[in-house]
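Heads up: the protein sequence lines correspond to chains A and B, in order.
Quick note, the first sequence lines up with residues 21 to 341 if you use this note's numbering.
Quick note, the second sequence lines up with residues 13 to 262 if you use this note's numbering.
Simulated from the structure, these hints should not be mistaken for lab results.
Backbone N, C-alpha and C fix where the C-beta goes; we use that ideal spot for every residue, glycine too.
It is possible that some hints are incorrect.
Claimed, not checked - Short derived list, chain B residues pointing at chain A, Cβ under 7 Å: (1) HIS19; (2) VAL26; (3) ARG33; (4) PRO104.
Stated by the list, open to error - From the structure, some residues in chain B lie toward chain A, with a derived Cβ separation under 10 Å: (5) THR15; (6) ARG22; (7) LEU23; (8) LEU30; (9) ASN34; (10) GLY103; (11) ALA105; (12) GLY167; (13) ASP258; (14) ARG260.
The residues making up each chain are set out below.
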Amino acid sequence: MVDMSTQTLTHTDTAVEVAGLRQSYGEFEAVKGIDFTVPSGGLFALLGTNGAGKTTTIEVLEGFRPAAGGTVRLLGLDPYRSRKALRPRVGIMLQESGLIGDLTVAETVDLWRDLHVRPMERVAALALVGLTDKSGVRVRQLSGGQKRRLDLALAVVGRPEVLFLDEPTTGMDPEARIATWRLIQDLVAAGTTVLLTTHYLEEAERLADRVAIMHRGEIRIAGTVPEVVAGHGDRVAFLVPAEAPIDSLPRIDGAAPEIVVDDGRPTARYTVTGGEPDGRAHRTVATLLAWATSRNVTLNRLSVRPASLEDVFLTIVEENR
Amino acid sequence: MTTDLKHTVRLARVDILLIMRNRSALTNAVLMPLLVAGFLIFTARAQAADQVPFMLTGQVATLALFAPLVNLAGFYTTRREELILKRLLGGPASATAILGGSAAGATAVYLLQVVALCVAAVPLGVGLPENPLLLLAGVLGAAALFSLVSMVISGFSSTGELAQIATVPFMFLCLFLSPAIVPLDALPEQLGRIAEYLPMTPVTELIRTGFLGDEGEGGGVLPNLGLLAAWVAVAAVVARRWFRWDPRRG
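Just chain A, with the same shape it has in the complex (with noise of 0.2 Å):
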């Protein structure tokens, strides 16, 4: 468990508020006006494809640049303005690390912990992103896993109040990714509000309270997770049968099915919408089983799942390409 008992009491029981933001560089508009809260104490994933908004929306809210538009609010406070104020309060992971390379590892975190007022000790902020034994390493002998793990442990030996995580796992072995994921889940049960973007919309699906996508400069949805995916229908799929071709295959509610490419093998996949949602996959199901049994063939690897984040994202993508 992460100890951040002697962070200083949030006064706000929203963290973050983001009313009609907009952001322009020269012409070209970067946000359109969102909106969007994060409760305190609350994970909030903020998803959309490179070019969305999404870098430029959270530098506005850790303060590096005001908003042109909109109001923004960190803490009940503007992050432009009153950045000397939140600074102390507010841990940032950038996208990129932006470490001093010949500083040994204790060395970059004695000073990071010199510039705070109730800095963690270094072997806890270490030790909580597993990098004890590389202590008096050099920062540029590091692997690029290792910079996220330092920097992440960077922004947290302060004991904010809120965390911004920009791409944190990047680069991680899957080891250190799911002891990143069990490190923030500790963080944000210990009080700590987490703003959180990343490409893995797994890890969006894991750790997030709620979730925004945003493309184009707009949030096209957003709520929690499955609110999110509700109404994206369920996924049935199953690997094509060599002896029917791919045109044979039969249509559900008049849609032909997605062919995609699984473990190098033709799959076919059926977004099934409509309906009620505990019905539709037994009777998408129960279709493809009889035509299969008219054909004599068998259907190997059928599943059925609900939509995904990725589903929607990609839905999100593809309808506004």
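Using the hints provided, position chain B relative to the given structure of chain A.
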């Protein structure tokens, strides 16, 4: 100690550690300028012993062009491009403390070099500074001015190496249109008049007056202090306008 000052000192300590740890930075920022200064002083001594005070005090001023200008311009630019400045700005330190920390580190290196020349001045027959406070005012004023100029140059440079190269024209302007190496009256008259108002002239005059105790050719302490303060103010305004925290991408 205020938080900003505490952060500035902490960041300056890191910069000094990095200079001492990096052989190339140690050579370029600390040793080479001292060697060049030593060479010029001993050359002057070999030609005419009465030139030593002029050359030594000119070199005290000239050293301000190395750590606080050339090295700092490279330092700021490299750190911006490697996102270190942005990473620091995302932490509790203020922008002033982050930039001031590096400037303070460079100033400490410069002060160390000035002390080395002050010590060398005794066996060279120049003696210790007559007015150490005025000397310090000149040295610190020079460090402040050239640190700000390094921020300006960094603002339009895309790599640390290019930033260091970009300081060269300004360095030459400072060296040859000031009384640092040759007296102003040795310059063509029109050029000499212009040079009187350029930034290196009040720096050199204040340092020379502080060291030697006479007011030389520069026309008094107060006007030189005023001129240096004016150049610092101009450099601060331009640095604020030109300095960038974000690397230029794409």
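Cross-check of the supplied hints:
1. HIS19: Cβ of HIS19/B sits 6 Å from chain A, so the hint holds.
2. VAL26: Status holds, d = 6 Å.
3. ARG33: holds, 6 Å
4. PRO104: holds, 5 Å
5. THR15: For THR15/B, the interface hint holds, since the closest Cβ of chain A sits about 8 Å away, which is under 10 Å.
6. ARG22: holds, 5 Å
7. LEU23: This hint holds: LEU23/B lies near chain A, its Cβ roughly 8 Å from the closest one there, short of 10 Å.
8. LEU30: holds, 5 Å
9. ASN34: ASN34/B check passes; min Cβ-Cβ to chain A is 6 Å, inside 10 Å.
10. GLY103: OK, holds: GLY103/B within 10 Å of chain A, min 6 Å.
11. ALA105: holds, 5 Å
12. GLY167: Constraint on GLY167/B not satisfied, violated at 17 Å.
13. ASP258: holds, 8 Å
14. ARG260: violated, 13 Å
In terms of the numbered hints stated before, the structure departs from hints 12, 14, listed from lowest to highest.
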